[in-house]
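With the first letter of the sequence shown counted as 1, position 288 gets the number 288 in the numbering used here; the numbers rise by one all the way through.
The hints are simulated quantities; they were obtained by calculation from the structure and are not laboratory data.
Just to be clear, a hint being listed does not mean it is correct.
Below 25 Å or equal to it, Euclidean Cα-Cα: the simulated SDA-like pairs (lysine to any residue) are [what the hints assert, rightly or not]: (1) K66 / V157; (2) K66 / W161; (3) K66 / E156.
On a predicted model such as this, the values are computed, not experimentally measured, just so you know.
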Amino acid sequence: MAASALLAVATIAGGTAAAQQHVTALADVLLYGDNTEFRNPFREGETIFGSAVRVYADLELNARVKVSLGVTGNERFGGDRAFEQVRPVVALTVTGGRSSFVFGAFPPRPADAPIGPDRMSPHGLLPPLQRETLTFDRTYEPGLLWTFRGTLITHEVWLEWQRLNTAEHRERFDAGMNAMFRPQATLSFPVQLHVVHEGGQLFASGPVGDSLGAAAGVRIARGTDAAMRASLEAYGLGSRYVPDRARPELSRDGLGFLGRGAVEHGGWRVHLLAWRGRNFIKDEGDANYLSIQRDGERYRGTRDYAEIGVARRFQLAPSATLDVSGRYHRIERFYEYSYRVTSTINVSGRIK
1 MAASALLAVA
11 TIAGGTAAAQ
21 QHVTALADVL
31 LYGDNTEFRN
41 PFREGETIFG
51 SAVRVYADLE
61 LNARVKVSLG
71 VTGNERFGGD
81 RAFEQVRPVV
91 ALTVTGGRSS
101 FVFGAFPPRP
111 ADAPIGPDRM
121 SPHGLLPPLQ
131 RETLTFDRTY
141 EPGLLWTFRG
151 TLITHEVWLE
161 WQRLNTAEHR
171 ERFDAGMNAM
181 FRPQATLSFP
191 VQLHVVHEGG
201 QLFASGPVGD
211 SLGAAAGVRI
221 ARGTDAAMRA
231 SLEAYGLGSR
241 YVPDRARPEL
251 SRDGLGFLGR
261 GAVEHGGWRV
271 HLLAWRGRNF
281 IKDEGDANYL
291 SIQRDGERYR
301 GTRDYAEIGV
311 ARRFQLAPSA
321 TLDVSGRYHR
331 IERFYEYSYR
341 VTSTINVSGR
351 IK
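Let the hints inform the model, and build the full structure from the sequences given.
Here it is as structure tokens:
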């Protein structure tokens, strides 16, 4: 399947280049190794080790519009199959002065993404809203994506379709927003929203459920790229968990507070994070923060979680980075550690 898709891309690119002279071949690689030495009532330890590869061509229709065609695959090292998932890459991208709209496969992770394991979720959401390891588990995301980069406001808004409604299961999608209002260079107000929905009307194959989480806060940052940078953030979070709309007694509303401080300098980043929550349950959220245990029972007290971590980024080339990080976690009365190694490579070249 992958070979056929690559051959099709090469054929299309070769036939179009002579007519338009606006074809670019691209390859994006994400190598990941994540080890969590957890053994607590909320989250089990796991090792995620593999690579995600995307090979495609951008056909530029004009200066603002392009079509991407190719193939992507996610491989787990040691797996029985060559790729755990293989999908075609089809996307329409329209760009303006400050906006970008994508219809189809979302762009891959860039090599200059923010450093730090606690900021690695697919859309930069806080870990209680969306766990970081989805970046490795779900490297292919199709749907609608709108990004805006203005002087005062920046945002990313998306709708991602995960599963169709069939006789075996409900449809599933998630939608969200990650926005920032920056009235001053050192002061900003982040707002995040994320919802996961399971439903569909074609087949009544399971309950209809929703999981909504939101966060709003303040961020103070000082420094520049050339010098030491320090930041301090504080967020208030809320959740609404509805596992079955037909059984409202199962629904739960939760609240939480997250504080994070970080210092960056010369490719290094050190961060400290603290969380307190009560009845906070969020589908796709990191289980270390949630008020639900591994056995499915609800934790009825106040959840406490904290971590301290250090990360180092090596700039291997202008479009290739290597990130190494380690963290020490406090999950209630349990103390655990984890470490992560990732490499992101983005290469491209024009086809004459």
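Now the hints, each set against the structure:
no.: 1; hint: K66 / V157; result: holds, 20 Å
no.: 2; hint: K66 / W161; result: holds, 22 Å
no.: 3; hint: K66 / E156; result: holds, 20 Å
In summary, this structure violates none of the numbered hints.
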